[in-house]
Amino acid sequence: MPSYQLSHLRALEAEAIDILREMAAERERPALLFSGGKDSIVLLHLSLKAFRPARLPYPLLHVDTGHNFPETIEFRDRKVAELGERLIVGSVQRSIDEGRVAEERGPRASRNRLQTTTLLDTIAEHGFDACIGGARRDEERARAKERIFSHRDEFGQWDPKNQRPELWSLYNGRLRRGEHFRVFPLSNWTELDVWQYVKQEGIELPDLYFARRRQVFRRDGMLYSPAPFIPLLPGESVFEETVRFRTIGDMTCTGAVKSDATDLDMVIAEVASARVTERGATRADDKFSEAAMEDRKKEGYF
Amino acid sequence: MGEIVDTSKGIHRGIEEGRDLLRFITCGSVDDGKSTLIGRLQYDTKTIFEDQLEHVEDVSRRRGNERTDLALLTDGLRAEREQGITIDVAYRYFSTPHRKFIMADAPGHIQYTRNMVTGASTANLAIILVDARKGMVEQSRRHAFIASLLGIPHLVFAVNKMDLVDYDEAVFDRIRAEFTNWAAKLQVRDVVFVPISALNGDNVVEKSAKMPWYRGTPLLYHLETVHIASDRNLIDVRFPVQWVIRPQSAEHPDYRGYAGTVAGGILKPGDDVVALPSGFTSKIARIETADGPLDEAFPPMAVVVHLADEIDVSRGDMLCRPNNQPIVGQDLDAMICWMVDRPLRARGRYALKHTTRWVRGMVTELQYRLDVNTLHRDEAAESLGLNDIGRVRLRTTSPIFYDAYARNRTTGSFILADEVTNETVAAGMLLSPGQ
Ligand SMILES: Nc1nc2c(ncn2[C@@H]2O[C@H](COP(=O)(O)OP(=O)(O)OP(=O)(O)O)[C@@H](O)[C@H]2O)c(=O)[nH]1
Numbered sequence: 001m002p003s004y005q006l007s008h009l010r011a012l013e014a015e016a017i018d019i020l021r022e023m024a025a026e027r028e029r030p031a032l033l034f035s036g037g038k039d040s041i042v043l044l045h046l047s048l049k050a051f052r053p054a055r056l057p058y059p060l061l062h063v064d065t066g067h068n069f070p071e072t073i074e075f076r077d078r079k080v081a082e083l084g085e086r087l088i089v090g091s092v093q094r095s096i097d098e099g100r101v102a103e104e105r106g107p108r109a110s111r112n113r114l115q116t117t118t119l120l121d122t123i124a125e126h127g128f129d130a131c132i133g134g135a136r137r138d139e140e141r142a143r144a145k146e147r148i149f150s151h152r153d154e155f156g157q158w159d160p161k162n163q164r165p166e167l168w169s170l171y172n173g174r175l176r177r178g179e180h181f182r183v184f185p186l187s188n189w190t191e192l193d194v195w196q197y198v199k200q201e202g203i204e205l206p207d208l209y210f211a212r213r214r215q216v217f218r219r220d221g222m223l224y225s226p227a228p229f230i231p232l233l234p235g236e237s238v239f240e241e242t243v244r245f246r247t248i249g250d251m252t253c254t255g256a257v258k259s260d261a262t263d264l265d266m267v268i269a270e271v272a273s274a275r276v277t278e279r280g281a282t283r284a285d286d287k288f289s290e291a292a293m294e295d296r297k298k299e300g301y302f
Numbered sequence: 001m002g003e004i005v006d007t008s009k010g011i012h013r014g015i016e017e018g019r020d021l022l023r024f025i026t027c028g029s030v031d032d033g034k035s036t037l038i039g040r041l042q043y044d045t046k047t048i049f050e051d052q053l054e055h056v057e058d059v060s061r062r063r064g065n066e067r068t069d070l071a072l073l074t075d076g077l078r079a080e081r082e083q084g085i086t087i088d089v090a091y092r093y094f095s096t097p098h099r100k101f102i103m104a105d106a107p108g109h110i111q112y113t114r115n116m117v118t119g120a121s122t123a124n125l126a127i128i129l130v131d132a133r134k135g136m137v138e139q140s141r142r143h144a145f146i147a148s149l150l151g152i153p154h155l156v157f158a159v160n161k162m163d164l165v166d167y168d169e170a171v172f173d174r175i176r177a178e179f180t181n182w183a184a185k186l187q188v189r190d191v192v193f194v195p196i197s198a199l200n201g202d203n204v205v206e207k208s209a210k211m212p213w214y215r216g217t218p219l220l221y222h223l224e225t226v227h228i229a230s231d232r233n234l235i236d237v238r239f240p241v242q243w244v245i246r247p248q249s250a251e252h253p254d255y256r257g258y259a260g261t262v263a264g265g266i267l268k269p270g271d272d273v274v275a276l277p278s279g280f281t282s283k284i285a286r287i288e289t290a291d292g293p294l295d296e297a298f299p300p301m302a303v304v305v306h307l308a309d310e311i312d313v314s315r316g317d318m319l320c321r322p323n324n325q326p327i328v329g330q331d332l333d334a335m336i337c338w339m340v341d342r343p344l345r346a347r348g349r350y351a352l353k354h355t356t357r358w359v360r361g362m363v364t365e366l367q368y369r370l371d372v373n374t375l376h377r378d379e380a381a382e383s384l385g386l387n388d389i390g391r392v393r394l395r396t397t398s399p400i401f402y403d404a405y406a407r408n409r410t411t412g413s414f415i416l417a418d419e420v421t422n423e424t425v426a427a428g429m430l431l432s433p434g435q
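Going down the list, the protein sequences come from chains E and U. Number 164 in the working numbering belongs to position 164 of the first sequence; there are no gaps in the numbering. Number 273 in the working numbering belongs to position 273 of the second sequence; there are no gaps in the numbering.
The reader is advised that the hints may include incorrect statements.
Below, in silico cross-link-like pairs of lysine-lysine (DSBU-like), each with a Cα-Cα straight-line distance of 35 Å or less [as the list claims (entries may be wrong)]: (1) U/Lys268 / E/Lys145; (2) U/Lys134 / E/Lys145; (3) E/Lys258 / U/Lys46.
Stretch-level coverage of chain E by chain U, calculated; a stretch enters the list once three of its residues show a Cβ under 8 Å from a Cβ in chain U [to be verified]: (4) 14-22; (5) 120-129.
If the Cβ cut is set under 7 Å, some of the chain U residues that face chain E in the computed set are [stated by the list, open to error]: (6) Leu21; (7) Tyr93; (8) Lys100; (9) Ile102; (10) Thr118; (11) Leu234; (12) Pro247; (13) Ala259; (14) Thr261; (15) Ala290; (16) Phe298; (17) Pro300; (18) Met339; (19) Ile415; (20) Ala427.
I should point out that these hints are in silico values taken from the structure, not numbers from a laboratory. Heads up, the beta-carbon is just placed ideally off N, CA and C, and yes, glycines get one too.
Take these sequences, add in the hints, and give me the full structure.
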């Protein structure tokens with residue numbers, strides 16, 4: 001007798017598809033935040049599963065810091081062309097040129113923080129009322145209480161003290177003008193779930209996720225990719241190492257990890273036995289302070 | 001309540017692709033040891049990462065603790081209070097080779113009933129912590145009651161701090177007997193008691209050598225093997241239409257698929273169906289996902305259904321079998337939990353969401369407010385405040401298609417939202433007429 005039970009990956013997939021369809025139905029102008037990282041690639045895959053053979057009921061939205069890995073941009077543009085979907089790019093460079101934000105100075109300058117303004121400007125410009133993001137609750141302590149439909153006020157801010165309760169799978173997609181949602185269909189996934197799902201579905205990922213001989217330099221105990229916009233400090237030098245990236249964000253703050261995982265199975269084995277959380281290992285932006293993430297989320301960060 | 005079931009029940013398997021998923025809630029009040037237990041489960045299943053552990057060791061040291069306090073892995077109710085962090089449901093994850101677990105961590109004190117209701121709404125199982133020294137206290141009963149109200153089919157009483165009562169069997173037996181007498185009025189099918197020490201790890205992951213008298217299985221083993229396949233309603237076919245896929249492209253000029261998540265029953269191609277509210281009938285021509293056609297679909301699968309005839313079906317409609325239809329009604333009886341500071345207004349108007357449908361509704365009558373500690377019904381109550389639970393009657397502007405919550409948690413639940421602020425103000429569980 002069949003057991004009528006879904007595997008955990010099928011159950012997570014069904015939940016995510018349900019969320020995407022519900023959001024598309026309840027909001028008028030959604031957008032999918034597409035960074036070219038694995039979580040957003042998985043979201044794109046789930047979106048296709050939710051709405052094909054029709055076009056997606058939302059465009060992809062990329063906040064381009066101008067300091068992305070070239071592979072990310074290449075991958076993004078190829079995917080968009082292949083699928084015939086719409087891409088909107090919010091440019092941090094433009095925000096700087098227009099004087100909306102001031103570029104940080106010095107060798108440790110990063111555009112990571114500036115993204116928030118560009119994102120909120122792009123949301124306002126296009127009138128987006130729901131942005132689908134790939135955040136997961138297992139990533140970081142501040143996210144454990146995040147809602148799936150996460151409400152943002154007219155300033156784009158998250159108010160952790162005033163979140164709507166979320167019951168059953170009855171999402172409340174009601175908004176007032178000027179407010180918007182961040183919608184997180186992967187809330188209940190862990191990093192390992194994402195990797196196993198990538199394998200199950202045969203999803204293509206940028207090569208950055210796999211261990212290769214790469215040029216790196218060491219700073220504050222982490223390995224980074226050299227780039228023209230990251231001046232080296234005295235004592236730093238570029239060398240070759242076999243590394244991969246566990247997350248892919250802005251080059252100025254995305255670190256590499258030493259790894260021998262050259263293919264998907266090896267990555268899964270590595271993640272399954274990993275002893276350091278994804279963000280702890282490779283994201284300098286979270287390390288500044290314990291409450292760093294919570295602060296940035298309140299401001300309207302992803 | 002059904003019989004008390006021993007934990008040593010058979011293992012159920014049958015998933016082709018490995019692990020399945022169990023959602024559960026942990027409830028306990030300050031100092032019952034909930035945070036320690038959660039930390040223990042995550043630690044012993046190797047879910048804790050080095051940087052998280054370092055952080056916890058660091059904080060423990062700074063506070064002058066001798067040993068690493070696993071409770072710090074979760075925020076901990078006390079810590080949250082001290083730091084002024086919002087007291088809210090937190091979701092945590094761990095897995096074993098058999099199952100993935102989604103754990104809703106909800107503080108159980110009376111002023112957080114709303115959080116417990118939220119966490120319980122999606123749970124298959126509830127772990128209720130009881131301090132062995134105190135036994136069943138008012139709040140353990142409240143937790144059990146809320147779990148039963150929210151239709152959680154499996155209850156586990158983790159009788160904690162057994163180390164502080166010399167691992168004494170008599171203490172455990174007394175607590176079990178106390179509850180069993182009281183719980184006759186609750187509707188919980190499956191209740192299990194496990195004596196543990198969260199601090200020392202007794203009977204959490206490994207069977208404890210200190211309690212040889214305990215014949216059941218350790219807590220984690222129970223979580224891994226509890227049979228959840230029949231928790232869903234696989235009898236009454238219910239398919240709320242969520243989204244109509246209509247590409248209208250050159251390639252797919254006539255494609256019309258009804259996308260949604262199966263809320264009950266097993267759908268098969270060839271089945272006769274009726275669409276509500278129109279009452280038009282048709283047959284299921286095929287069921288598909290992006291991976292191809294399916295022979296059958298069951299909850300909670302997200303699928304696309306194609307009908308043999310071109311009848312008019314849109315979002316908010318429901319497909320079911322002609323000979324097994326839900327209740328269609330505008331006058332609803334329900335238990336609700338109030339979730340905001342502003343009290344329920346008599347004759348207040350709210351937006352009501354049920355499955356994929358929003359309607360407007362008015363609370364026409366508050367029948368009683370329930371004292372969640374004593375289960376006493378206060379029929380003189382005139383309003384419900386934050387964290388109150390009561391029975392109401394509602395009138396909606398158009399009919400909804402529903403089942404009693406006890407029969408189907410998906411088609412039997414709704415939320416109310418304030419029409420001005422849009423906040424979610426209440427969670428509702430429908431009763432069948434005359435219930
Ligand atoms: N002796 C003993 N002490 C325990 C046990 N479990 C927890 N404790 C202690 O009881 C106290 C409260 O435990 P917590 O896990 O923080 O309690 P809690 O119920 O989660 O309370 P909050 O953290 O306030 O939410 C701590 O000092 C724990 O070390 C146990 O099994 N045996």
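Hints and how they fare:
1. U/Lys268 / E/Lys145: 38 Å, violated
2. U/Lys134 / E/Lys145: 30 Å, holds
3. E/Lys258 / U/Lys46: Roughly 22 Å separates the two Cα atoms, so the pair holds.
4. 14-22: holds (count 6)
5. 120-129: As far as the stretch 120-129 of chain E goes, the hint is violated, because 0 residues have Cβ atoms under 8 Å from chain U.
6. Leu21: Check passed: Cβ of U/Leu21 comes within 4 Å of chain E, closer than 7 Å.
7. Tyr93: 5 Å, holds
8. Lys100: Holds, because the Cβ-Cβ distance from U/Lys100 to chain E comes to roughly 4 Å (cut-off 7 Å).
9. Ile102: For U/Ile102, the interface hint holds, since the closest Cβ of chain E sits about 5 Å away, which is under 7 Å.
10. Thr118: OK, holds: U/Thr118 within 7 Å of chain E, min 5 Å.
11. Leu234: 6 Å, holds
12. Pro247: U/Pro247 check passes; min Cβ-Cβ to chain E is 4 Å, inside 7 Å.
13. Ala259: 6 Å, holds
14. Thr261: 5 Å, holds
15. Ala290: 4 Å, holds
16. Phe298: 5 Å, holds
17. Pro300: At about 5 Å, which falls below the 7 Å cut-off, the nearest Cβ of chain E leaves the hint on U/Pro300 intact, so it holds.
18. Met339: 5 Å, holds
19. Ile415: 5 Å, holds
20. Ala427: 5 Å, holds
The structure fails hints 1 and 5 (numbered hints given earlier, in ascending order).
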